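Chemist: Spelled out from the first residue to the last, the chains are:
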Amino acid sequence: MDFSSYQTNNFFDEMMDQKGQIREPYAKLCQKLKEIPIEEIQQHQFIADRMLLNKGVTFNVYSEGTGTERIFPFDLIPRIIHDSEWQILEKGLVQRITALNMFIDDVYNDQKAMKDKIIPRSIVLSSKDYLKECKGFSPPKGIWCHISGIDLIRHSDGKYYILEDNLRVPSGVSYVLENRDLMKRTFSDLMEDLNIMPVLNYPLKLLEMLQYVSERSDAQAVILTPGIYNSAYFEHSFLAKQMGIELVEGKDLFVENDIVYMKTTNGPKRVHVIYRRIDDKFLDPLAFNPDSMLGVPGIFKAFKKHNVALVNAPGTGVADDKVICAYVPKLIKYYLGEDAIIPNVPTFLCSIKKELSHVLENLPNMVVKAANQSGGYGMLIGPTASKKELEEFRNNMIGNPRNYIAQPVMSLSTVPTLVDDHLEGRHVDLRPYIICGESVYVTKGGLTRVALRKGSLVVNSSQGGGSKDTWVLNS
Amino acid sequence: MLSRVANSIYWMSRYIERAENYARFIDVLKNLSLELPPTLKEQWNPLVMMTGDAALFEAKYSSYTKINVIKFLTVDAENPNSIYSCVSKARENARTIRDTLTIEMWIQINELYLSVQSRQKTKNWTDETLNAFIKEIIDGSHLFSGIMHTTFSHGEAWNFSLVGRMLERADKITRMIDMKYYYLLPKVEYVGTSLDLLQWSATLKAASAYEMYRKTYPRLTAPNILEFLLLNKNFPRAVKYCVTRAETGIHNITGTPTNTYTFKSERELGKLRSELDFTDTNEILKFGLHDYLDSLETKVNNIGAAISESFFFN
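Quick mapping for you: the protein sequence lines, in order, are chains A and B.
Using the numbering used here, the final residue of the first sequence is 475, and nothing's skipped along the way.
Using the numbering used here, the final residue of the second sequence is 1314, and nothing's skipped along the way.
Next comes chain B alone, as it looks inside the complex (with noise of 0.2 Å):
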């Protein structure tokens, strides 16, 4: 296929997923801020920080308030990483492509961008607001990826837009792991606390996965949290699935055999698998969580980096 084509494929299902994954952090803070024990202030700056775009909202915005953090998050058309602006990128990338994808593919990207397009006249966002809307991207995007797994052929480009997906989403479970660890406890005495189990099964629920954890361990601890969402092999939304997800996904492109390379990104990426097949959240929390977290961010970066050297000509 056009490496062109494979480019828009990819990045359209990465900005969908990111789209998806900014409203699930959204959640976590929204649903935080509803059981906060009266001593705590509600805090909203750790969703900027994590998204990395801090700079851009402080030139923007005087104070860190549920609106204007919310604002900026979903409907701002100038920064780059909104809500809205994801869906839009995501459209215009399979616009590029429109001829590779199946118009029910087509449409329902087209109809989650006029939608979100259409939230941008919102002045108030009540908290009535702000559910309809996370529920409509993380709708949206479940249905988009629904789609194209029934409705496209699971070839090259099918690949192309897995492989996508899941580095996306294996970038942003990790940041939502640092924004609750790093920026949403107020001090280390808190850990352990109720409090700290609190925003723990928010996180859980953020990334719809509760109740998959629930069958799986007995109690709800920080360490085995930990492990569910980045060791679980079968866990859709845990960093371990979508690295494997992503590595099988290059292989089916190349045709390289398993636990062999030809590109750069094979390399890197098995790297990284065999890493999570063989640690445990001992040795992660030895580390350091915070600096694990880091150097696995670096990581799929450079995996991403490598893609785009192997295959799309840029």
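Excised from the complex, chain A in its bound form (with noise of 0.2 Å):
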């Protein structure tokens, strides 16, 4: 195949620059490209969309009715990142996390930063996943972030930008490691020689840090799924399967003089850790949603007492507030003392009166996002949406300003991706997942998201986005 007639379009392609020149980190794969006829590529992503239906690499969409199983489009072409590159990212990573975490023990415990008028109490307490049971409570060893996936996405400046903070529950992690293993599989000519960092270690540290903050050296872990239907059920499985853990739903599990045991062939058994995959308010029926079929009754209470340790830690998601994530920066600061490494994406907040009457006036040109919602759902894509849309927000943001942030209109970078029998650009952002336990861990790259309809800047699995495997190269 060739690259000339491939067009970068204004946008900061990963592959190609503006004078048309392939840049350093895809310099060997093109030369291997090039060898290789289009059909033969065309036969390989054939072949990985087959793996991946028998293997059954699936998702679940909500809004097509319980148990509609899509798999998670995959795009053969890697996404590389050199590792001088990757270095910073990490860093700027590690960094902010630490600091979020410092910032949820600080909202739960002495709120300094709120005294200190760093952010606006009003704004921490409304959070829709502040959780006030928690006030007073340190889970163990002061973790409560202990698994995240941070969106970064590249501007056309080049430049890397924090999208949005993922603290509650991520997905999307065992996909960066089936998709390395498809690329295995199915292409692994192209990754000879390159020197590409492996990113299988990810279950062994998981369980490293289950196991760490169980505080026991004999700790049972589990994951605990809310079942088949959920979206994300196949990477609970998959997670539960790389670890050789348990994988229990919650009736599966009870508690008994605020002990949590799992329900096996041979009696109740204790459970220590628990990475759970259910929201907070489905947790526990007793402390929460009294509905909730999926929780657990009392768990609650045992985790305040120390007897069962819940990852992440219930009450994280008061940081995971697109409102929030706009103050980031200056907690960084305010806690490490540090400038932020990355930058966030400018955030305008609706519930400053300056800051919404500019988003009001440029709402074509903006993205608007509901401050706690995720999977690309409550959000409004300026230049794209229809009267009728931009009408609705407009009045929900006057409505409700707390609840809404706007950003200007980001481009993310290009990669190439395969269309029929050509390649084209199109839009990416990177998830690296990363685990907090005796130390902090990011993933070599991160999943790679794509948008794989033309133009289209949503990458969401739920919207039509797919994935690619994501190479950070060594040097």
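No lab work stands behind these hints: they were computed from the structure.
Just so you know, not all the hints are guaranteed correct.
Straight line, CA to CA, 25 Å or less: simulated BS3-like cross-link-like pairs of lysine-lysine [stated by the list, open to error]:
1) A/K388 x A/K353
2) A/K263 x B/K1089
3) B/K1264 x A/K269
Since the structure is predicted, the reported quantities are computational estimates derived from the model, not experimental observations.
Join the two chains, each given in its own frame, into one complex according to the hints.
Modeler: Here it is as structure tokens:
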């Protein structure tokens, strides 16, 4: 195949610069691709799709009724990052998550940042996932957010920005591992002599962290899933399998004398640490939503007595609010005395009058997001929105300014993607996964999500997104 | 292991086995219909009678035609026991325990499901299509249990699967004999005629038992065939073999010494196994074959219920 007709269209393209030169991280790969006829690449893509289907690497789509499984489309052309660039990102992510963990512990205990007016108390306390039940509490080892997936984008200026912090139950890491596996099985020729850093040890790091926070060596760790209809069920089972621990549903657990047990064929067995993939509000019908069928009655009390560790700790979501996200650079400065290594996407807070009126004036050029929704829901993309949608969001923002933020439309970088019989640039973001245990671990690379529709900026799997393998090249 | 996981692995195996046996049932009738004397009409209703879903069938279809019966038993999603439904349920169970299964097992069950699902569009069930479908199901089930046998540790979970598969098979073999004996033969006068033996040999073939039977007995007679399908201890689709294996499976799980019991399920299994050890075909025929088969089905059902009670916390 050749790259002569490949267009970068004034975006930052990860493979090709504006002059049509191949960027350095892609040099070797492009050399190899030039030798391969397009039919062969299409054949590899066909095999990869087939493997995904047979392996059942799927996610569920909510809007199409329960049980609708779809494969998460995978594109063979990888996203490549050079190690020198990656090291800076990794430092920035470690810095950010360290400050965020300090912030969450502060929120539920001393509230210093609020007293020192770094962040308004009203904003923090009105965060949807602020959990008053956690006041005065500190989880084992003081860690709240053990697992996060922070979204990064690269703008047309070539710089990386933080798009959002996913601190509650971020999903997608299984695709990082599956994509690499798929790549090895279908197109290993491409990977030879490139010195790609491995991603394989994530499950190991995850298990080490679970054991670390359980504060005992013989800890029984489990993953708690809402069940097979959850959109990320594949990932829950995948991780349980990779770690060799039980995948449990709420009905498999019970609490007696504030100790958590699972029901086994040999009777009850104590559980010490739970990687829960259930939202706070559904975790315990006694403490929160009484209608929850997914949770375990009494588990929150067991958690507060330190009889079981919950990962991430309930209440962590307080910091996963798009308004609070805007304050993170200030929080980094406050807690660590450092400047943020990776900047935020410029964010306008609708709760601030001046900023709201700026947003309303420029609405067709803005991206508006509800403060605490994820998965591409509750979002307005100004340039492509209909009049009706613009009007709807305008009213919502005026009615409930605390619940909205706005950002200029960022031009996500592009990566060549197979479209029929040629390559076209498609927009991508990047979600590295971070584990906070005894030390902080960041996956080498992360999940590159790609908006497969031409021109689209929405990379979410529920809205036509796919993914790519992400290679960090060791220098 | 988790009770829920034990429950799912048990049912996953039962449903796969059920799908396989339904394919075998259809095979019996399909073969018979080809060699029927001209004076007799093809009859497809026994298939539905035997599965116990006649009421559902009659509510949906106007008559017991070949095509209606085949559709009902193969791809009808509204029949909870159709092959499609069985394979779907097996896969649903497998999905809930994906972390427990090996990737090879999961891929096999998923592929089987995808191929059965693609058959739902089939409008015209020619004999060729039907043959291919039957083979696909039987091969798919064999492949699955083979993969399980060779990739999955033979520990507790494996034993739950074994118990599930064996109980399901014992139940279905019993029904298959009953279909032949009770429903298929038009009149008592036909006993011992060539039609009778034709039906018996079709039954043997559908149970993949014909060749092994021929190695064991010199002549094709109804009592011998009965003895083989009910009381043979070595043939893997004979009821006694299945019950004995299920009993071993349960004792492997509990660690209770054989010939003793701690759980009700062990006791019920032991009782049934020793009954099969010490009875013979004369006694069975004297009791009445149809009634005997009925009581076997009830006992197997009770064992299933006792297992659920002892291990699944339902």
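Chemist: Checking each numbered hint in turn, tell me which of them this model violates, lowest number first.
Modeler: The structure breaks none of the hints.
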